[in-house]
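J.: Listed below are the residues making up each chain.
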Amino acid sequence: MAPDSLTAAGSPRTFTVALAGQPNSGKSTVFNVLTGLDQHVGNWPGKTLEKREGVCTLDGCRLRIVDLPGTYALSAGSDEERLARNVVLHDRPDVVAVIVDATALERSLYLVAELLWLRSPVVVGLNMMDVAARRGIRVEPDVLETALGLPVVPMVANRNQGVREFAATALAVADGTRPCEPRGPAVRRDHQREHEALRELVAGAVPVEYPEEWIALKLLEGDDEITSLVRGRVPADRWLAIEAILARHEDGVLAVAGGRHEWIGRMVRAAIVRPRAGQVTVTERLDRVATHPVWGLFALAGLLGALFWVTYAVGVPLQRALDGLIVHESARWVRAVLDGAPPWMSSLVADGVLGGAGTALTLLPILVIFFAAFGLLEDSGYMTRGAYVMDRFMHPIGLHGSSFLSLCLGFGCNVPAVLGTRALGERRHRVLTALLAPLVPCSGRMAVIAVLAPVFFPGHAALVAWGLVGLNLAILALLGLALRRPVVGKRQLAFIMELPLYHAPHPASILRGVWRRTIAFVRNAGSIIVIGAIVVWLLSRLPGGEVDTSYLAAVGRAIAPIGAWLGLDWRMLTALLSSFVAKENAIATLGVLYGAAGSDRSLGELVAQSMTPASGLAMMVMQMMFIPCLATVATLRSELGRWKWVVVDLVVLLATSFVVAGVVYFGALAAGLG
Amino acid sequence: MFREGLETTGMSPRKRITDPALTTLADLPSGACGVVARIDGGTAFRSRLVALGFAAGTELVVVQNVGRGPLIVSLLGSQVALGRGEAGKVLVAQSAHGAG
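Going down the list, the sequences are from chains X and B.
Take 1 as the starting number for the first sequence in the numbering used here and just add one per residue.
Take 1 as the starting number for the second sequence in the numbering used here and just add one per residue.
Isolated chain B (complex conformation) (with noise of 0.2 Å):
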C-alpha cells in the first residue's frame, strides 16, 4: 500500500484539485506577473525546477508566451526557457500589478 503511495509522487488525485485563484504558467500572457503557488509532476522534475527558482512564494514574470512554442520567463535576475508542457504543471496566482 505504502509503496503504492510513493510510486506515485505528484500524482495523486489530491494534487489535480484546482483551486480557482490559480493558473497554470503557460496561462498566462507575455508581461504577467505571478506568484509560483505550486509545481506538479514528477520529483525529478520538480526538483529541476525548484533549483531554477521555482518554488512557492516566488515572484516571475513571463517575458514571452507567443502561439504554441516555449515559454520565457523571468524569476530571481535570470531568465529561463520553458516548454509549453512543463509551464502547464507551474501553479501560479496571477499578482495583482500585473501587466496583463
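Looking at chain X on its own, in the form it has when it is part of the complex (with noise of 0.2 Å):
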C-alpha cells in the first residue's frame, strides 16, 4: 500500500509496518509497547486466526502496525504461515518490521532470509539482548546491520528499551529516507542452475505481486500452495518441464534451506561472539527438575496441584460474595425500583436475567484466577516443559505434548481451550483435541459439583469432587482411544516444540492473557446465557405462572422417562436441560423448581430429602459429561468450520454421559449408597 499523500486538511501520513516474528521473540511485547490500548483485535477474514491491528503515531506520522502470526518460517506448513507471508505479498506494506531473538540468533535470522526474497522492505529489531549479555552471548548490531545490509537496532522491549527507536527506522525505511538495501541470501550452489530454469518456466505467468525468483524457490522446496498455483498458471508444456526438474530434486528443500542457513551463517560470523560451552544456565538447572521424566510429573502435579488449590481458595469465597451481591442483593433491589411495574416484569429482571445470567458472571471471579494462574505457568516458559513431561501419555490417545496446554485451559473454560487449539497448526490434530475439550471440567461444571458433592456426600465432598474430575479424564482418554482412527488415521502426528528460556513472568503479558481468555468468555458466553436464562424464566413461567404447570415442567415431565432408571426425577432432568444454555444455571434453575426461595430449608435440603447418594452421584456424573455448553458448542462449529464433527461429539458425549452414569449408580447401589 502505498502512503497516503498529505491531503489539504494536513491529517497525517500514514504508513503500514507488518511486525514479523518467530514464538517468543517478543513481538507481541514489541506490539503492545507501539500500539498501547489503541489496538483492534479480530479475526482475518474468512479464517480462524486472530488478526491484531493498532495505531502507533511518530514524528506525526500514522503507523498502522499489522501484527502477523508468529511464525518460524513462511512455509505452506500451517495457516499461520500462509497467512504471513500471504499479508506480505498481497497487501504489501511499506515496510516489514522483524523481531529476531539475540540468544537464538541464527535461528531467528530463518525468517529474515524468507522474508527478504518477498522483496519488502525490512527492519530487524534485535531483542532480548539483556538474556543474551546475561548467557555471555555478544552481538554487535552494527556489524550484523552491516552485513545484512539492513537496519539493525538493538532492543530490549520488555523493559521499553529501543523499541521507539525501532519504530523510528521502520518508518525512515517506510518513508525512503533511510537505505534498505539486503544482501539477501542465494540458493545452495549446487541448486543454482534448477532455479534458474525454473524462474524461467514460470516467468510471466504468476500475478505481478509474485516475485518469479520466490515462486521458483517455493516449487524447489515443494510449497503446496505455491505449486498448485503455478500448474493452474503454466501451459501444460512448461509443467511438464517443471515437474522433470522437481521430480529429479525432490531434496530441494534442504537444499534451499541450506542456502538459507549458510547465508545466515555468514552473515552472524562476525557479528557474534558465544561463552565457551560448559557454562551451566538457570534454564538448564530448572529443567532438570521440570523435563525429568520422573520428577518433571511431580513437579507438574505440584504445579497444577497449587494452580487449583489458588483458583477454588481465593476463587470461591469471592464468587459466594459476588453471589450475595449480584443475586440476591441486587435482585432486591430490582424488586423495589419495579415495585410500580407489572409483577411479571420485576421477575424477569429479578429471577430470569439476575438468577439465571448473574450467577454464570459470579463465576468470573475463578475464571479470572484461573487464567492469571495460568498465565504465569505459561509466561515464564514453564508449561511447554508440562507439555513435554506429558508427551508420552498423550500418544495412545492420538494427541502429543502440544494438546495438553489447550486441554488444561479447558478447566477454566472450555471455550478458550477450543480456541487455544489454534495454536497446534495441524488440522486433524486441532480437530481431536477440540473435541475431547469439553469433558475437561470446567469452572462451571465444578461450580455444580461444589454445590452437590456435599449435599449427597457431608464429609466426602472433596473426595468425591476429585472422583468425578478423575472419571472425566479417564473418559477422555477413553474417547480420545475411539476417534483417534476416524479423526486423525494411522499418521502419528510429529511433536515439535521449542522450550523457551525461562524468565520472570511480565505481569503486563499476564494480564493481556487473562483479559483475552476471560473476553473470550463473556464475549460467547455473555449474550447467550443472557437470553438462554430469559428463556429458561418464560418457560418456567408460561402459560400459568407456576412453575409446576409450565412449559418446562412439562418437558421435565415428558423426558422424565429417560432419566427414572437413575433415580432422577423430572426437575433433575430439568437442571441438567437448562444446563445447556450455561453449566451453572443449574443450580438456578434446582432452586427455582424446588422453590427455595420460598422455602424455610436450604435447596441442599429439600435436593437431599428427594433422592438416594446413588442418584445423586449419578447425576453429578451426569452433570459433569453431558453436551457442553452452547458457547462452548459455538466456539466449537465455529473453529472446526462444519458441523459434521460437533454433531458426532455432541451425540457421544451424551451418549457417554448417560452409559457412564447407569454404571456409577448401579455400582453405588451394589455399594449401599441406595
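Read the hints as simulated data drawn from the structure, not as lab findings.
Bear in mind that the values here come from a model prediction, so they are computed numbers and not experimental data.
Heads up, the beta-carbon is just placed ideally off N, CA and C, and yes, glycines get one too.
A few of these clues could be false.
[Stated by the list, open to error] So the derived list for chain B, only partly shown, Cβ under 10 Å to chain X, looks like this:
hint : residue
1    : 39
2    : 44
3    : 57
4    : 66
5    : 69
6    : 77
7    : 78
8    : 80
9    : 94
[Claimed, not checked] Chain X stretches covered by chain B per the calculated footprint, using a threshold of three residues with CB under 8 Å from any CB of chain B:
hint : segment
10   : 50-62
11   : 72-86
12   : 140-147
13   : 172-184
[Said to hold, decoys possible] Which chain X residues face chain B? A few, computed with CB under 7 Å, are given here:
hint : residue
14   : 103
15   : 104
16   : 106
17   : 107
18   : 110
19   : 253
20   : 459
21   : 462
22   : 638
Make the complex out of the two chains shown on their own, each in a separate frame, by following the hints.
T.: Here it is in C-alpha cells:
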C-alpha cells in the first residue's frame, strides 16, 4: 500500500508496518508497547486466526501496525505461515519490521532470510539483548547491520528499551529516508541452475505481486500452495518441464534451507561472540527437574495442584460474595425499583436475568484467578515443559504434548480451550483436541459439583469431586482412543516444540492473557447466557405463572422416563437441560424448581430429601459429561468450520454421559448407597 | 509419471539407503553431539524442522534422551523438544567430541 499523501486538511501520513517474528521472540510485547491501548483484535477474513492491528503515532506520522502471526518460517506448512506471507505479498506493507531473538540469533534470522525474498523493505529489531548478555552472548548490532544491509536496532522490549528507536527506524525506511539494500540469501550452489531454470519456466505466468525467483524457490521447496498456483497458470508443456525438474530434485527443500543457513552463517560470523561451552544456565538447572521423566511429572502435578488450590481457595469465597451481591442484593434492589411495574417485569429481571445470567457472572473471579495462574506458568516458560513431560501419555490417545496445554485451559472454561487449539497447527490434530476438550471439567461444572457433592456426601465432598474429575479424564482418554482413527487416521502427529528460556514473568503480558481469555468467555457466552436465562425463565412461568404447571415442567416430565431408571426425577432432568445454556445454571434452575426461595429450608436439604445418594452421584456424573454448554458448541462450530464433527461429538458425549452415569449408579447401589 | 514422483516427495527408495557413518538422532544418547546430515519425511515435516535449524551441517547436542519419551535437543542457541518418531527421521553424523 502506498503511503497516503498529505491531504489538504493536513491529516498525518500513514504507513503500514507488518510486524513479523518467530514465536517467543517478544513480538507481542513490541506490538503492545507500540500500540498501547490503541489496538483492534479481530479475525483475519475467512480465517480462524486472530488479527491484531494497532496505530502508533510518531513524528507526526501514523504507523498502522499489523501483527503477523508468530512463525518460524514462511512455508505452506501451517495457516499462520501462509497467512503471514500472503499479507506481505498482497497487502504490500511499506515496511516489514521483524523481531529477532538475540539469544537464538541464527534460528531467528531464518525468518529474515525468508522475508527478504518477498522484496518488501525489512527492518530488524534485535530483541532480548539483556538475556543474551546474561548468557554471555555478545551480539554487535552494527556489524550485523553492515552484513545484512538492513537497519538493525538493539532492544529490550519488555523494559521498553529501544522500541521507539525501532519504530522510528521502521518509519525512516517506510518513507524512504533510510536506504535498505539487503544482501539476501541465494540458493545453495548445487541447485542454482535448477532454480534459474524454474524461474524462466514460470516467467510471465504468475500474478505480478509474486516475485518470480520466490515462486521458483517455493517450487523447489515443494510448497503445495505455490505448486498448485503455478500448475493452474502455466501452459501444459511448461508444467511438464517444471515437474521433470522437481522430480529430479525432491531434496530441494533441504537445498533451499541449506542456502538460507549458509547465508545466516555468513551474516553472524563476525557479529556474535558465544560463551565457552560448559556454563550451566538457570534454564538448564531448572530443566533438570522440570523435564525429568519422573521428577518432571511430580513438578507438573505440584504446579497444577497449586494452580487449582489458588483458584478455588481464593475464587470460591469471592464467588459466594458476588453471588450474594449480584444475585440476591441486586435482585432485591430491582424489585424495589420496579415496585410499580407489572410483577412479571420485576420477576423477569430479578429471577430471569439476575438469577440465571447473574449466576454465570459470579464465576468470573474463579476464571480470572485461574487464567492468571495459568498465564504465570505459561509466561515464565514452564508450560512447554509440562507439555514435554506429558507427551508420552498423550500419544496413545492420538494427541501429543502440545494438546495438553489447550486441554488444561479447559479447567477454567472450555471456550478458550477450544480457541487455544489454534496453536496446534495441524488441522486433524486441532479437531481431535477440540472434540475432547468438553470432557475437561470447567469451572462452571465444578461450581455445580461444589453445591451438590456436600449435599449427598457430607464430609467426603472433596473426595467425590476429585473422583469425578478423575473419571472425566479417564473417559477423555477412552474417547481419544476411540476417535483417534476416524479423526487423525493412522499417521502419527509430529511433536516439535521449542522450549523457550525461563524468565521472570511479565505482569503486563499475563494480564493481557487473562483479559483475552476472560473476554472470550464473556463475549462468546455472555449474550447466549442472557438470552438462555430469559428463555428458561419464560418457560418456567408460561402459561399459568406457576413452575409446576409450566412448559418447562411439561418438558421435564415428558423426558422424565429417561432419568427414571437412575432415580432422577423431572426436576433433575430439567436442570440438566438448562445447563446447556450455561453449566452453572443447573443450580439456579434447581433453586426455582424446588422453590428454595419460598421455603425455610436450604436447596441442599430439599434436594437431599428428594433422592438417594446413588441417584445424586449419577446426576453429578451426568452433569460432568453431558453435552457442553451452548457457548462451547458455538465455538466448536466456528473453529472446526463444519457441523459434522460437532454433531458426532455431541451425540457421543450424550451417550457417554448416560452410560457412565448408569454404570456409576448401579455400582453405587451395589455398594449400598441406595 | 512425473506427477507420481512429485507426490511421493521424500519417500523414494533412494532416501532409504542407509549410510553406515550416519545414525538417527533418536539413537544418540543424552549428552552426545552430532551434525545434521539429512532429514527424511514429507515436505511439510522437513520444512518445520529446517526452520528450527535442523539443516545439513548444523551442530546439535542431545540434552535429554531417555526411555520412550520425546527428546530435547539443543541447537543454534535454543532448545527444541522433538518426538521420538520425529527424531528417528533426522540422520546425524556423530561428531568426534561427542561426550557419549
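J.: Determine for every hint whether it applies to the structure shown.
T.: Against the structure, the hints:
Against a cut-off of 10 Å between C-beta atoms, the interface hint on residue 39 of chain B holds, since the closest Cβ of chain X lies about 7 Å away. Interface hint status for residue 44 of chain B: upheld, as the beta-carbon distance to the closest one in chain X is roughly 4 Å, under 10 Å. Interface restraint check for residue 57 of chain B: the shortest CB-CB distance to chain X comes to about 7 Å, inside 10 Å, so the restraint holds. Nearest Cβ of chain X to the Cβ of residue 66 of chain B: about 5 Å, under the 10 Å cut. The hint holds.
With a least beta-carbon distance of about 4 Å to chain X, the hint placing residue 69 of chain B at the interface is held under the 10 Å criterion. Hint status for residue 77 of chain B relative to chain X: holds, with the closest Cβ pair at about 4 Å, below 10 Å. A cut of 10 Å between beta carbons decides the hint on residue 78 of chain B: the least distance to chain X is about 4 Å, and the hint holds. Given hint, residue 80 of chain B at the interface with chain X, holds; its Cβ is 6 Å from that chain's nearest Cβ, closer than 10 Å.
Nearest Cβ of chain X to the Cβ of residue 94 of chain B: about 17 Å, over the 10 Å cut. The hint is violated. Chain B is given as covering the segment 50-62 of chain X, and this is violated because 0 residues of the stretch bring a CB closer than 8 Å to a CB of that chain, at least three being needed. Counting residues of the segment 72-86 of chain X whose beta carbon lies closer than 8 Å to any beta carbon of chain B gives 5, which reaches the threshold of three, so the coverage claim holds. Judged by the Cβ-Cβ criterion of 8 Å, the segment 140-147 of chain X is not covered by chain B as claimed, because only 0 of its residues qualify and three are needed.
For the segment 172-184 of chain X, the stated coverage by chain B is not satisfied: 0 residues place a CB nearer than 8 Å to a CB of that chain, which falls below the threshold of 3. Given hint, residue 103 of chain X at the interface with chain B, holds; its Cβ is 6 Å from that chain's nearest Cβ, closer than 7 Å. Hint on residue 104 of chain X holds. Least Cβ distance to chain B is approximately 4 Å, under the 7 Å limit. This hint holds: residue 106 of chain X has a C-beta 4 Å from the nearest C-beta of chain B, less than the 7 Å allowed.
Using the Cβ-Cβ criterion of 7 Å, the hint placing residue 107 of chain X at the interface with chain B is satisfied: the shortest such distance is roughly 5 Å. This hint holds: residue 110 of chain X has a C-beta 6 Å from the nearest C-beta of chain B, less than the 7 Å allowed. Hint status for residue 253 of chain X relative to chain B: holds, with the closest Cβ pair at about 5 Å, below 7 Å. For residue 459 of chain X, the interface hint is violated, since its Cβ never comes within 7 Å of a Cβ in chain B; the closest pair sits about 40 Å apart.
For residue 462 of chain X, the interface hint is violated, the least distance from its beta-carbon to any beta-carbon of chain B being 32 Å, above 7 Å. Hint on residue 638 of chain X is violated. Least Cβ distance to chain B is approximately 25 Å, over the 7 Å limit.
In the structure shown, a violation is registered for the earlier hints numbered 9, 10, 12, 13, 20, 21, 22, in ascending order.
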